[in-house]
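Using the sequences provided together with the hints, build the complete structure.
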Amino acid sequence: MKRIDAINEIAAKVKETGALLIANIGIPCKELHYVCDIPNNFYMLGSMGLASSIGLGLALSRPDKKVIAIDGDGSILMNMGTLATIASQEPDNYILVIVDNRAYGSTGNQPTATSKNTDLAAVAKGAGNSNVYVVDTPEGLRRTLKSTDNGIIVVKAEPGNSDAPVIEMSPETILKRFMGISSRPSR
Amino acid sequence: MTNSLTGELTPSESIFEGLRDAGIDFIVSVPCANLKELIPMVDEAPDIIHLPVTREEEGVGICAGAYMGGKKPAMLMQNSGLGNSINALASLNILYKIPLLMIISHRGVEGEPIVAQVPMGELTTKLLDTMEIPYFLPQKGVDPADLIVRAWNEAYEKRKPVAVLLPIPFWRKQ
Numbered sequence: 180m181k182r183i184d185a186i187n188e189i190a191a192k193v194k195e196t197g198a199l200l201i202a203n204i205g206i207p208c209k210e211l212h213y214v215c216d217i218p219n220n221f222y223m224l225g226s227m228g229l230a231s232s233i234g235l236g237l238a239l240s241r242p243d244k245k246v247i248a249i250d251g252d253g254s255i256l257m258n259m260g261t262l263a264t265i266a267s268q269e270p271d272n273y274i275l276v277i278v279d280n281r282a283y284g285s286t287g288n289q290p291t292a293t294s295k296n297t298d299l300a301a302v303a304k305g306a307g308n309s310n311v312y313v314v315d316t317p318e319g320l321r322r323t324l325k326s327t328d329n330g331i332i333v334v335k336a337e338p339g340n341s342d343a344p345v346i347e348m349s350p351e352t353i354l355k356r357f358m359g360i361s362s363r364p365s366r
Numbered sequence: 414m415t416n417s418l419t420g421e422l423t424p425s426e427s428i429f430e431g432l433r434d435a436g437i438d439f440i441v442s443v444p445c446a447n448l449k450e451l452i453p454m455v456d457e458a459p460d461i462i463h464l465p466v467t468r469e470e471e472g473v474g475i476c477a478g479a480y481m482g483g484k485k486p487a488m489l490m491q492n493s494g495l496g497n498s499i500n501a502l503a504s505l506n507i508l509y510k511i512p513l514l515m516i517i518s519h520r521g522v523e524g525e526p527i528v529a530q531v532p533m534g535e536l537t538t539k540l541l542d543t544m545e546i547p548y549f550l551p552q553k554g555v556d557p558a559d560l561i562v563r564a565w566n567e568a569y570e571k572r573k574p575v576a577v578l579l580p581i582p583f584w585r586k587q
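Same order as they appear, the protein sequences are chains G and Z. Going by this note's numbering, the first sequence opens with residue 180, and the numbers climb by one from there. Going by this note's numbering, the second sequence opens with residue 414, and the numbers climb by one from there.
Among the hints, a few may not be true.
With a straight-line cut-off of 20 Å between C-alpha atoms, the simulated DMTMM-like cross-links for lysine to aspartate or glutamate are [as the list claims (entries may be wrong)]:
1) Lys335/G / Asp184/G
2) Lys571/Z / Glu351/G
3) Lys194/G / Asp216/G
4) Lys244/G / Asp559/Z
5) Lys553/Z / Glu523/Z
6) Lys245/G / Asp271/G
7) Lys510/Z / Glu567/Z
8) Lys539/Z / Asp556/Z
9) Lys573/Z / Glu351/G
10) Lys586/Z / Asp556/Z
11) Lys194/G / Asp328/G
12) Lys194/G / Asp243/G
13) Lys586/Z / Glu426/Z
14) Lys510/Z / Glu347/G
15) Lys355/G / Glu523/Z
16) Lys181/G / Glu347/G
17) Lys510/Z / Glu351/G
18) Lys244/G / Glu195/G
Computed footprint of chain Z on chain G, listed as stretches where at least three residues anywhere in the stretch have a Cβ under 8 Å from a Cβ of chain Z [what the hints assert, rightly or not]:
19) 216-230
20) 255-266
21) 349-357
Think of the hints as simulated: they come from the structure by calculation, not from any bench. Since this is a predicted model, take the numbers as computed values, not measurements. Backbone N, C-alpha and C fix where the C-beta goes; we use that ideal spot for every residue, glycine too.
Listed below in structure tokens is the structure:
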């Protein structure tokens, strides 16, 4: 499977549950925007490494909402401490999906350390996370997303990007639209 | 400049009071020796979510997420951590117009015993100036708690990061 297959499964869960979704910098954002552009999506255009951190802060602030972050292997390697911080909190409304395609997909598929010996699921467990799942098919991801609202899901994927166009919305518009949902008190 | 106008509060207590007055309800921290009294106060406050983070850049991301969730976020940190945060402050907070209050123990200036603190100590205000991040300094006759409130108000109104720089002499009274 490729990243966009994972994004399709995650978008389906977001549409079904009304979850808030933080999408990682680069092509993951563009692919999500292309397959399903809804106000529940926050497109992170800069700050590589911080999608999982934004998701954590949001999940802790909104225990009444489900939160999902789509991250990548390169980004997790850049902010590996996030796995320890998530483990120290383990919010029951937060899923971090790490699409591990063993490459920096947005910059030309240069191999990351997961193409060699690094096992991000083992790192996540070693950091103290109790619910860590590994899937390698869209069906497996769908089943896991159906069965849980928290934990870390490592999706083993092949490198490769779709031709999703650039996001035309301004950063301010992205934030304003997202916060119309994310900061609004639940009834 | 070493205590609040009441003369009764320690430096940490006056900062804590300022955080309460400003309505800060979400705090991340990376320790500094000068923050050793303040961090437990924040941790024990029932109406403040506090989490220790591994690195300041991570804290910037977590605070941005908290703001999106309707919280008023602050980060307790040492100025060395400003260096760890610059890309995130620029390409997340400044890009999207996300407020953040940074309460910074400013090391490497007057009274610094550790030589390794000096380079970042001297660069701190230059970096903030370059990034057009406003910063507040303790002043004689100004309650530090008011300083915190003013700094948060500026962050919120301008939708950007704002720093409060608290140098070594400020903390001496602990």
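Going through the hints against the structure:
1. Lys335/G / Asp184/G: holds (11 Å)
2. Lys571/Z / Glu351/G: Cα-Cα ~13 Å, so holds.
3. Lys194/G / Asp216/G: holds (10 Å)
4. Lys244/G / Asp559/Z: Violated, at about 34 Å.
5. Lys553/Z / Glu523/Z: Holds, because 17 Å separates the two Cα atoms, which is no more than 20 Å.
6. Lys245/G / Asp271/G: holds (9 Å)
7. Lys510/Z / Glu567/Z: holds (12 Å)
8. Lys539/Z / Asp556/Z: Measuring from Cα to Cα gives roughly 25 Å; hence the hint is violated.
9. Lys573/Z / Glu351/G: holds (12 Å)
10. Lys586/Z / Asp556/Z: OK: Lys586/Z and Asp556/Z at ~15 Å, within 20 Å.
11. Lys194/G / Asp328/G: holds (14 Å)
12. Lys194/G / Asp243/G: Given pair Lys194/G, Asp243/G holds - Cα atoms ~17 Å apart, limit 20 Å.
13. Lys586/Z / Glu426/Z: Holds, because 11 Å separates the two Cα atoms, which is no more than 20 Å.
14. Lys510/Z / Glu347/G: Cα-Cα ~18 Å, so holds.
15. Lys355/G / Glu523/Z: Distance ~43 Å between Lys355/G and Glu523/Z Cα, so the pair is violated.
16. Lys181/G / Glu347/G: Violated. Lys181/G to Glu347/G sits at ~24 Å, over the 20 Å cutoff.
17. Lys510/Z / Glu351/G: holds (7 Å)
18. Lys244/G / Glu195/G: holds (13 Å)
19. 216-230: holds (count 9)
20. 255-266: That given contact holds, which follows from 5 residues of the region 255-266 of chain G lying within Cβ reach (below 8 Å) of chain Z.
21. 349-357: holds (count 5)
Hint check: violations occur at hints 4, 8, 15, 16; the rest are consistent with the structure.
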